[in-house]
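Colleague: Heads up: the sequence lines are chains A and B, in that order.
Quick note, the first sequence lines up with residues 1 to 519 if you use the numbering used here.
Quick note, the second sequence lines up with residues 520 to 1038 if you use the numbering used here.
To be clear, the hints were calculated from the coordinates, so they are not data collected in a lab.
We put the CB at the ideal spot given by N, CA and C, even for glycine.
Be careful, since some hints might not be right.
Just a few of them, taken from the derived set where beta-carbon distance is under 8 Å, the chain A residues facing chain B [as the list claims (entries may be wrong)]:
#1 His-89
#2 Asp-93
#3 Ser-94
#4 Pro-95
#5 Thr-96
#6 Asp-133
#7 Val-134
#8 Pro-136
#9 Arg-143
#10 Ala-160
#11 Trp-169
#12 Pro-268
Derived pair list, reagent style SDA-like, types lysine to any residue, alpha-carbon separation capped at 20 Å [claimed, not checked]:
#13 B:Lys-636 to A:Asp-68
#14 B:Lys-636 to A:Gly-159
#15 A:Lys-117 to B:Arg-568
#16 A:Lys-238 to A:Thr-300
The chain contents come next:
Number of protein chains: 2
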Amino acid sequence: MNPTLPSADHQRKWIQIAESLKPSLLHTRRDPVSLVQVLSDASAFQGWRVKQTTDLPSLASRQFAAGDTVILDFGQHCVGSFHLELSRHGSGDSPTRLRLTFAEVPAEVAEPLDPYKGSLSRAWLQDEVINIDVVPARVDLPRRYAFRYVKIEIIATSGAFKVSVSKTWCDGVSSAPALESLPQPKNLSEDLRTIDRISLHTLRDCMQTVFEDGPKRDRRLWLGDLRLQALANAVSFKNFELVKRCLYLHAGLLREDGLVPACVYETPSPRIGANFIVDYAALFAPTLLEYAEASGDLDTARELWPVALWQTELLKCFVDDAGRFTNPEKMWVFIDWNAKLHRDAAALGALIFGLGKTIALAERIGMGGSVSPLRDRLKQWRAAATRDLFDRERGLFISGPERQVSWASQAWLILAGVVEGPAAAGALKAVAADASAVKPGSPYGWHYVLEAMFLCDMKSQATEIIRDYWGKMVHLGADTFWEVFDPSDQRLSPYGTHLMNSYCHAWSCTPAVFLRETK
Amino acid sequence: MNPTLPSADHQRKWIQIAESLKPSLLHTRRDPVSLVQVLSDASAFQGWRVKQTTDLPSLASRQFAAGDTVILDFGQHCVGSFHLELSRHGSGDSPTRLRLTFAEVPAEVAEPLDPYKGSLSRAWLQDEVINIDVVPARVDLPRRYAFRYVKIEIIATSGAFKVSVSKTWCDGVSSAPALESLPQPKNLSEDLRTIDRISLHTLRDCMQTVFEDGPKRDRRLWLGDLRLQALANAVSFKNFELVKRCLYLHAGLLREDGLVPACVYETPSPRIGANFIVDYAALFAPTLLEYAEASGDLDTARELWPVALWQTELLKCFVDDAGRFTNPEKMWVFIDWNAKLHRDAAALGALIFGLGKTIALAERIGMGGSVSPLRDRLKQWRAAATRDLFDRERGLFISGPERQVSWASQAWLILAGVVEGPAAAGALKAVAADASAVKPGSPYGWHYVLEAMFLCDMKSQATEIIRDYWGKMVHLGADTFWEVFDPSDQRLSPYGTHLMNSYCHAWSCTPAVFLRETK
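Using the sequences provided together with the hints, build the complete structure.
Modeller: Given below as structure tokens:
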């Protein structure tokens, strides 16, 4: 079987299959637990400390006039719609104007959102201005928010009346059941159990009608996030139909040349995103294979095999005849958010990893006989990577003319099988020993380090990274794990403002995978 | 029959009757007619000139990014909900944030609404900030607005997409039928025909489930406005059930002591307003009598007669034994918005007018025999007013220790029957000849001047006032007539900002009454 571009008819059918798998959402009511203030405190995360001010029951008796503000704490990260009931004191002779701000972290209610200077759309920031004609009123905000805190600012009542917030709640939504339904891994220390719980909370809050990257932002299905979510889902909620839906969405929304897009949208109807990432496209085959193995659904693997195979045809243009990563299309190579990272070595690793998994997928579905050319290519690429990128003297991989040493290069080239056994473990130990090595800037980057370490039987070192990196987020108050986290710069953001970062981001959920493998 | 406080049971029943008369609203779609700019121009109304920029059909093809603004002109004053359809250009990768500002007059879209410094609630200003998760989208704003212009500001899309406003419309509402269903008065000059039309447009836009004072603000039933609306309704839409509903609402929501409130609210269920106005309470009997005469519904007059009678009992405390207006409760005496007006003379006039109409009402429903004490009081009050307030030398009424001469004093004391015939006409001519006389500051105040002039057969002078005062509003671009208008100060406002004024205010609709009487 030669690689061929999947037809438009096939893609249409795959979209139909994806849509038939769209899950219903489960609803869980969430109530606030207390009223808080957010105070400036240089020792707290991003400079903001949360202080409980009053018990919640006092809220209904407080009377608010123009200029008053109250901050509700829901005690946990919530995803859902927000509802409030207002009552009136005095003669309601005008509308009431409120501003509601939803916050995953304290900074989002403590710092002004405007003037907005970030690079992504201002519209992602979660604030609403609403006018309510008549109080008493129940207000049902129609949108979905991701938040732990809700700031309610009373912009206007009138001189003749005040308002009380008699009740507020969140109608929480997820396609995954409650966390309490999941067994906890045994024999974990308390701190790791907490990390596991927060990992699964993060995953659950991102499980909507697709595996979203983050329920605050971007609220959509990215292939790189999907792979990690599917891995964590396989050891927890086991909602394989949702993984299947997401695979079919990606397969049904190919770029004109057949490339799997980095992200897709569900609304108003399934459509392709405008982002294309070399290393994400390489993850289609691994994700499909892992899904088939975890779920036992080999039919889907067979049906979508042509998509996986076609990616090898497209992605080979990113490796030249000498086996070096090149980028003729100047396409986005992501790997991680650290801006200092030289990505070529890791990108080659990702391509080789994808190619290896494509071959394994072929074998798994009985097509192994047809992929001999891929085996040759794999062998050639691995040899070239060893030759060009492995610094035998230092025992680790380098990238670029400056011979940059990074965690990402080691992780991806080990996962690619370029080195194995003691040499692989040695590369990881060598990078760990090099304080100047470029570190990952996100949980996504660290995930691949962990995955490489587990491949090298370095479980205890991996656990220490989980404890250090994810544990630090817990220490700083994380209810769910974050999109971006640099312990040395808590306000780091790829978007020009930390207010735009997503603080419940699915690609940070994989400690749940590794902590279960340590059992 | 002695005056008695209507019982709570009676009031409950009257509320039920009022609610049974709640009309259905008629819906009329209104479409914008052009795109405009609002330019600074000292010669235009409030300093803002509207310039058409493009034909409307070009709107759908314009692509808007963050920071763009467009102003729609609906070509007429509309009351209703607002709807828009947005389309997308590019990959919609974020929500879209818009600000919509609804404006009755150009200043409302030309001047910043914040920081707000007015005395009434900021929440009356008609602007909404909305976030739309996915474009293309149809957006149905749930509230009702009163506007001719709509400013749409694109606060945020993203770098990846722009939006177009493919369609907008207003679902116009009124309980009155279209203006086109009404015959125009014959033999009117073009300018007066225009004034008549605008008067009825004003009335219609205020006819909702009650006669509202203004559909932008306060959106509620005021007794002073009701009387004038009922007069205009009687010569136009003849929706007598709506007048009946409003009378029953006032009668069913008395203050504890039985005083008719100045205003009532419909929502969330009928309730009394917090304002009590001496001269408005005096208008209950006249309004009930005029309703009964115009509609022929004497049963309602009989049923609500105890309310009218009880007002005479309460209002007599505002006139001392010598027949002078006093204000022992320091209650609000409105008469007009002109802050310079000395109100005592006019207030006494209003009380006498109300008393006289109460007696006439009693006679109309066959209760004339029971109101002899009221006849005595009327005689005494009129005599006292003549003695204390009529300056025989100058041939007009004065008010207060400074012997202030105002139009309002003449109008109300003439309507009260304190002077009649040539003396009454003389007072009006004398005030007209006195350039220093305090003029009305609102169409409400001018209405009573017109009403007094018609009583004195001064129709041509009344018509000149209509032409000068209402005609000046037309000249300045009025689509509907205004709450407040001082030709010498276009930004005059009782509320600290002209942006808070209502520019479709029912109490300005009575030229339609007088222009029909000139036939």
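Colleague: Take the hints in turn and mark each one as holding or not.
Modeller: Hint-by-hint comparison with the structure:
Interface hint at A:His-89: violated, since its Cβ lies 12 Å from the closest Cβ of chain B, which is beyond the 8 Å cut-off. Given hint, A:Asp-93 at the interface with chain B, holds; its Cβ is 7 Å from that chain's nearest Cβ, closer than 8 Å. With a least beta-carbon distance of about 3 Å to chain B, the hint placing A:Ser-94 at the interface is held under the 8 Å criterion. At its closest, the beta carbon of A:Pro-95 sits 4 Å from a beta carbon of chain B; the interface hint therefore holds under the 8 Å criterion.
Annotation: interface hint on A:Thr-96 holds; nearest CB of chain B at approximately 6 Å, less than 8 Å. Because the closest C-beta pair between A:Asp-133 and chain B is about 6 Å apart, less than 8 Å, the hint holds. The interface hint given for A:Val-134 holds, since its Cβ lies 4 Å from the closest Cβ of chain B, which is under the 8 Å cut-off. The closest approach between the C-beta of A:Pro-136 and any C-beta of chain B is roughly 6 Å, which is under the 8 Å cut-off, so the hint is satisfied.
Checking A:Arg-143 against chain B by beta carbon gives a least distance of about 6 Å; that is within 8 Å, so the hint holds. A hinted interface residue such as A:Ala-160 counts as satisfied when its beta carbon comes closer than 8 Å to some beta carbon of chain B; here the least separation is about 6 Å, so the hint holds. A cut of 8 Å between beta carbons decides the hint on A:Trp-169: the least distance to chain B is about 21 Å, and the hint is violated. Annotation: A:Pro-268 was flagged as interfacial toward chain B, and the flag holds, the nearest CB pair being 6 Å apart, inside 8 Å.
Distance check on the hinted pair: B:Lys-636 and A:Asp-68 sit about 17 Å apart at the alpha-carbon level, within 20 Å; holds. A distance of roughly 13 Å separates the Cα atoms of B:Lys-636 and A:Gly-159; the hinted pair therefore holds under the 20 Å criterion. Of the pairs offered as hints, the one joining A:Lys-117 and B:Arg-568 is violated, with about 34 Å between alpha carbons and a cut-off of 20 Å exceeded. Taking the CA atoms of A:Lys-238 and A:Thr-300, the gap is about 16 Å. The hint holds against a cut of 20 Å.
The structure fails hints 1, 11, 15 (numbered hints given earlier, in ascending order).
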